[in-house]
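**Q** Chain order of the listed sequences is A and B.
All residue numbers for the first sequence refer to my numbering, where the first residue is 1 and numbers rise by one.
All residue numbers for the second sequence refer to my numbering, where the first residue is 1001 and numbers rise by one.
Simulated from the structure, these hints should not be mistaken for laboratory data.
Think of the CB as a built atom: it goes at the ideal place given N, C-alpha and C, for glycine as much as any other residue.
Please note: incorrect hints may appear among the correct ones.
[To be verified] Under 7 angstroms between C-beta atoms, here's a sample of chain A residues computed to sit facing chain B: (1) I19; (2) D35; (3) G37; (4) T63; (5) N66; (6) G104; (7) S142; (8) S143.
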Amino acid sequence: MAEMILRPNSDDHRSDVAIVNGSTMYGVMDEAVLDTGDYIRADYRTNGSFVCGFEQSGLPPATVINSVTFYYNTLNNATHFLHKYRLSGGGYNLPSVEISLVSGTLYRIVLTENPETGMAWTVSDVDSMCHGGLIVMPNKGSSTYVYQFYAVVDYTAPLISKRRTLTLTGCGQ
Amino acid sequence: MNLDAAMAMEAQYRTLSGEQKRDFGYHTKLRDFGFESTVDYERAKDIRHIGEINWLEIGASQFIPSLREHIESDKEGIWIVNPEQLLVWSGTAPLNTDYCAENGIPVYEVKYSGGTIVTGVEDVAIGVLVHNERIRYTFSTMLYEVVAGHCHAEQDGNDIIVAGKKVSGVGSARFGNLYLGTYQMTFVHHASEIAAICGQSHKDVGGLFELCCMEKGDLVEVVKSWLK
């Protein structure tokens, strides 16, 4: 098994979140090393949501995708986060699955299946995914920031089959 | 640490995108200027900004008019507010106004989102009105560090907890582009008045004088040293 990090590279959906120190959501969340100087922000009383497209994986189509884990590095005053994603037929899911706290202010959701199909992820799914979150804010005067957002793809590379050529050699030949 | 040079470098970095950002070496450059991470760097910027805001030390009755004036002119400000008597800061929670009226306890409606605060002359409130909302968090942490320098304390969200009791809390509000944090620092716990005004369900509050051997002056002098 191996892992690959995919970072957001396009904005797909934005509702009630402000972009601080940048012009795109993905651009303020795509850094490899945490940068707390730019982020998206959801203010209190508005349930902000964001969905981003991701880099291509470059994996061969026969690759087995074991899971896709989304990480959210935050300064968090939200009541909770829910997972949100674009449906292949258009529109978005009705977010209901809670994103779990890992430690401090780092959240994640591990998906062993494509949540839309309920089946194992395919490379095609990974290369077209648009995911994000719904930030559910409490009724108090505070905000939640998302500093960094990325996906970790856990995969098993396909076995390379070699065609064997058997040469028979016999006596006198 | 060279904050000016780091800020000039950051301004250049923020104009970049994609591969350019990755190739820029932002974090390496920050370390060259003396900042271990962007967390350290952003805090240093916030602390400098706090030091550049005009501030006033006033009585409680002057706070709301001054606050309103700043909001109307979209101006940042910091206030060190000294209660002249036992009084109530009112947010959004219900309170026993009849008891306050009968006992001559003034009620000031700040309209922050949060519970009622009962405070006396031994306590202090600090109001911070800023455009950059994150400064409120930085200020919370700075206050916590002052308390933690005197006794064992914990930070629970915006609250400061000593010996399991809340000694400081923050009321938050937004007025257009301005964010207000009102930091209530309790030195003496007014238990019976809190019960009468807030009801029996109030949080377990304590005073810094009793729990941390801290007096108001210990804190206020440090806060003033941050301001210009």
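**Q** Look at each hint and say if it fits the structure.
**A** So, going through the hints one by one against the coordinates:
no. : hint : in the structure
1   : I19  : 12 angstroms, violated
2   : D35  : 5 angstroms, holds
3   : G37  : 5 angstroms, holds
4   : T63  : 25 angstroms, violated
5   : N66  : 27 angstroms, violated
6   : G104 : 11 angstroms, violated
7   : S142 : 5 angstroms, holds
8   : S143 : 6 angstroms, holds
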